[in-house]
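These are the residues of each chain, in order.
There are 4 protein chains.
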Amino acid sequence: MRARDLGICIGSLPPGPLNAINDVAGVRVGHETIVRGDGPLVVGQGPVRTGVTVIQPRAGLTRDEPCFAGCHRLNGNGELTGLEWIREAGMLTTPIALTNTHSVGTVRDALIAAELDARTDGEDYWALPVVGETYDGVLSDINGFHVWPEHLRAALSDASGGAVLEGAVGGGTGMICHGFKGGIGTASRIVPQAAGGYVVGVLVQANYGRRDRLRVDGVPVGDSIPTSEVPAPATPARTPPGAGSIIVVVATDAPLLPGQCARLAQRAGLGLARAGGTGDDSSGDLFLCFATGNGGLPRTDYGAGKPVEVPVSMVANPYLGGLFEAVIEATEEAILNALVAATTMTGRDGIVAHALDHDRLVAAMRAAHRL
Amino acid sequence: MRARDLGICIGSLPPGPLNAINDVAGVRVGHETIVRGDGPLVVGQGPVRTGVTVIQPRAGLTRDEPCFAGCHRLNGNGELTGLEWIREAGMLTTPIALTNTHSVGTVRDALIAAELDARTDGEDYWALPVVGETYDGVLSDINGFHVWPEHLRAALSDASGGAVLEGAVGGGTGMICHGFKGGIGTASRIVPQAAGGYVVGVLVQANYGRRDRLRVDGVPVGDSIPTSEVPAPATPARTPPGAGSIIVVVATDAPLLPGQCARLAQRAGLGLARAGGTGDDSSGDLFLCFATGNGGLPRTDYGAGKPVEVPVSMVANPYLGGLFEAVIEATEEAILNALVAATTMTGRDGIVAHALDHDRLVAAMRAAHRL
Amino acid sequence: MRARDLGICIGSLPPGPLNAINDVAGVRVGHETIVRGDGPLVVGQGPVRTGVTVIQPRAGLTRDEPCFAGCHRLNGNGELTGLEWIREAGMLTTPIALTNTHSVGTVRDALIAAELDARTDGEDYWALPVVGETYDGVLSDINGFHVWPEHLRAALSDASGGAVLEGAVGGGTGMICHGFKGGIGTASRIVPQAAGGYVVGVLVQANYGRRDRLRVDGVPVGDSIPTSEVPAPATPARTPPGAGSIIVVVATDAPLLPGQCARLAQRAGLGLARAGGTGDDSSGDLFLCFATGNGGLPRTDYGAGKPVEVPVSMVANPYLGGLFEAVIEATEEAILNALVAATTMTGRDGIVAHALDHDRLVAAMRAAHRL
Amino acid sequence: MRARDLGICIGSLPPGPLNAINDVAGVRVGHETIVRGDGPLVVGQGPVRTGVTVIQPRAGLTRDEPCFAGCHRLNGNGELTGLEWIREAGMLTTPIALTNTHSVGTVRDALIAAELDARTDGEDYWALPVVGETYDGVLSDINGFHVWPEHLRAALSDASGGAVLEGAVGGGTGMICHGFKGGIGTASRIVPQAAGGYVVGVLVQANYGRRDRLRVDGVPVGDSIPTSEVPAPATPARTPPGAGSIIVVVATDAPLLPGQCARLAQRAGLGLARAGGTGDDSSGDLFLCFATGNGGLPRTDYGAGKPVEVPVSMVANPYLGGLFEAVIEATEEAILNALVAATTMTGRDGIVAHALDHDRLVAAMRAAHRL
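So the protein sequences, as listed, match chains A, B, C and D.
First residue of the first sequence: 41, per the numbering used here; consecutive thereafter.
First residue of the second sequence: 41, per the numbering used here; consecutive thereafter.
First residue of the third sequence: 41, per the numbering used here; consecutive thereafter.
First residue of the fourth sequence: 41, per the numbering used here; consecutive thereafter.
By construction, these hints were calculated from the structure, which means they are not laboratory data.
Any given hint might turn out to be false.
Claimed, not checked - These stretches of chain A come out as covered by chain B in the derived footprint (C-beta under 8 Å, 3 or more residues):
no.	segment
1	312-324
2	360-371
3	403-410
Backbone N, C-alpha and C define an ideal beta-carbon position, used for all residues, glycine too.
Same shape as in the complex, but just chain A (with noise of 0.2 Å):
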């Protein structure tokens, strides 16, 4: 179930025939779900509600065939590997991994065993993965450190271009979004043709924010179901209410330069601010930008017979409005579809993150008329 089924259609700009990250031609997404133990938190053995999403940006090995990309810090509190090389070259080089705050670790050096594996030039090399994570603890065993290697080569393996699971699945298996069950939710647009009938995808792994503040297309649904109706699980101890984060990955397939990949990064925190967002101390709001329309890009490469100049295409800078509102629209839409797909789940400690009620929902817009 998605917002759409419901209904709700935020912004004006059409979404691609999944309306996902993958609309994006050669992206390919996969999840390992780890969900294993029910009861009382005992370190190292559960309950656990944790995993893995892998988002493939291209056809290939992104190493052998990088794509131009760029980043955004709306809030720091969090941690998005591999960023110092995105923001100097603006090169993606890697998949991008989701994962819970203590296995990005593990995640990030599973990636690299994993493409030394697929190579077999017998070449020097090294890797800077890009691995993002938000905080699972509320509900799952964190400490007890449940995703492994191979789980990443799992969530590899599952990577297709076919229909993205949403809610409680891969990394997002454990998170909570404006205090009701999140994880990971995509959408996609395309603009205009006279403005180059880009597709832009969004996948956010969910993870943040207030009850009070959440908003569907304006209309204030988080005040509409509040707390005292519908519990939201607390917070960690010593943080505000609402603590979490929010990783964004925005794909799509105009040949951007990196610096305008990372202007588009940037406008996801405000697709964020219409969902409710505020970019909150706690939370680690970090969005990445990834653009597959410059083919043939060199890696890290040099030497006899390596071109020195390589051609590339740019969006003429006038023409990205059409992709920021992209951005914007399908971020709020991915946010939605992360509580629409998601299905109540009760984590460590009998802790309960209840789905976002669709009659609520629906009401709730109705009684606006948005619906």
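Fit chains B, C and D to the known structure of chain A by using the hints.
Relative to chain A, chains B, C and D alone:
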């Protein structure tokens, strides 16, 4: 007339007594409005619809007692001088002035001259003033350079801590926002006593946005007053519809460190997003935040008798959440106040910027059950 | 007289024919030097030791054919207007002008006026000029505001692709560097053909540094000519010894992307470090790099008939090493050229800035076996 | 053996008693060195020349008493995790670890596990550790992933405030610098009492640079020991000569604010420039500075009884000059100390990294009259 006079209140935090940037003690605002002539544009003669607005950050010469400050760029198609020292040292050392795009230089040097006049110590001295702009060439003879040093001095003389004029005044005189007459707007918020009880004030010079994107507290008011009914002036040739910019100045009496000011500045963009801003390519969406809570900061000073260490205070980071929310709410309301205050203006070549009709605004809010 | 005339060659890459920034085809440099009066300072009357230098990035109006550009801030106690658009879009759309700290505004608006005169299309238009500064108030009546629009126009008229005057000329007229007379200097380098054969040119307005820190090709020349023997003018009251700034403009004909320009800009600081710069707190050490290798870039343009995609080229990142080295070498040599070219100047109140004595410089290099 | 044992002293400020980063009170350094096997490379078996180095910023758990910190990227072809929170809030909340490129993840998660063991409060908790890397695959079986959690724990156990081992130890075990054997180096400086009398300590993991660029106190030592006489190991295929990286960690007991830490961090690049670094495209030249002078900083904490405001101190900006100079000098000397301490190492496939010969170094310095 202001938004609250129509019953529209943005967000949940209470405003200060003036609901204006100068609810922050010591902050003073002054305008000089230049309106002259009608009819066809004759460069150098008019018609003129421009001006300058100044913000004095605190009592006395800012240079002798700087404020911590920070900034954020949502989109950089604009100018806000003096940002390099604010990025480097987090120090605001001059008043802030806002004017039209082609008068930034005149106003900048005039600020230096005015400050020289105010000094009596005879010491060597240099200044790096902060002057921002938006483009008023749709209504005004911007290439006639009608802002002169005397206008800056008049705005400085006008600066007071009393009620702030809004709409088509000062630097906002010739501005257009979401296709309606725009200009200067302001608002303030007070965070809860448990979070410090601080005041946050915002002043905007609003000159951005497409009609169909305007939202008021989430309600798509722009769609309900389409340009087919109430025309919007055309944006300059060869720019997309809705081209323009917004400068947001945030003030607070909280004792923020420079980096914390920058964090608040970024949140102005989230308030802008709620109002329908998208950070268009043609926009100079530049945000500045200064904090007066730390007094006695060292000016650019050195030598015998000058202390090496200076005591300051900071707001513990987890308590920034209330301030973030205050910035978001006050920015959204300041934009709305600019629209509500502005009256219809006819500019050069008979071009008309219509006011946002109060009745239609109220009707749209009521239809959505938000009033 | 230049460093190479004394036999001093910095680094290993060969310079271009002029060993100047305008070895980059199309780049033109013009100066207007304002020297007037002697004796005690009377604000508004003089003595005057100032001016303005302009750099035209390429043939024709930069606005009609912008260059990709990037910037870097080593220390931000200075002004270089127009950087927000360069950071955002990587586009240089105006000529670059350098002057004294208190004349930035006049020169900025005069650049707009001059460009308006050069246009005949009658279209709406806005400009965000790039104007930098260093402080010449030690020698000149900086608070007399002696740079006027006509001086900027004279510098524009003077701009040519021929040999560049160095030392106490144009914007560098009243500058002091490492306690010697400083000002404008320039140099260039050509990278090997296998790395593209590109030209890199650098122009500095050098007004920074303590005597004892001056190094020439690693030799501590400053220590060998101590201020006890050759006095250095006092820096302004309440600033540390050696206060001042340096603006570095880097040009190249390589087809760099905007982010690559920013990377080159940062390397200017490494050349500055070799010369003895430390990025002092009181310095405005701001660096701009533009690249002319991509022609036909879209101006801020939109609408029917305007292409959405634009083909450009980039230098493959691994080949940037030669360009980095070229920037480092040319920056160091440009600073040295400013020192070698400048002659002793007596400014306001009889303050003397001594030239770097060529004989002593050569003697110091010989003593270290570097000549 | 260290540079000063050879009579080579960089700069003019005096070092602290240890001339090491742990001259800053409370700072502790630990190494775990992993050297195993010889002969041809068999991935997963060896030979192994790697390790991990940890820096404890102050006594006790950093998380319970964070330090203000800042960072700078000279070139971003590398990884230093945890920077987003340092950029956002200027807070260092974990120890710092340095290792090889492909072991960053293991070390990161192991740092979390180690810190969890050290906690007894049972509270929810998350960590964003700071782990940096350089590439040791030229000498070591980097794709064998030979750094395990137990090695990180051993390095933590080894951490002490005593003399710091330098050269081929810890994270520096397999590193190469300017074509000589490199690794870990450290140095410190004390600024004058009138400027606060603060201590600045630097630790580098040096793995960068071409032979011909090596300079020692300005003397072109690299040119005097060319690779034709003393070979340098080949850099990885398809990278330019001299590929590699350097991580610089700066510590000080000065009460710096976060932005001031970032300013010091940038100066590490100026010291690197003097030593012959150019920030090559293939380099991860990432710099971190933390300041212990402000104690009692709030951890990520909130709630009843937690103060909203926290008193801190700052160094008045004009007094930063001495600290900048200290960073520059100590960075240059720390690099030299790494080179002087390291002894010749034979790695995988019999590849040899030669030590910088002390006699030839001294001879080169004497020839330039610098010894």
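A quick look at each hint next to the structure:
1. Counting residues of the segment 312-324 of chain A whose CB falls under 8 Å from any CB of chain B gives 9; the rule of at least 3 is met.
2. Closer than 8 Å: that is the beta-carbon criterion, and the segment 360-371 of chain A has 5 residues meeting it against chain B, so the requirement of 3 holds.
3. Remark: the segment 403-410 of chain A is confirmed as covered by chain B, as 4 of its residues place a Cβ nearer than 8 Å to a Cβ of that chain, reaching the required three.
No hint from the list above goes unmet by this structure.
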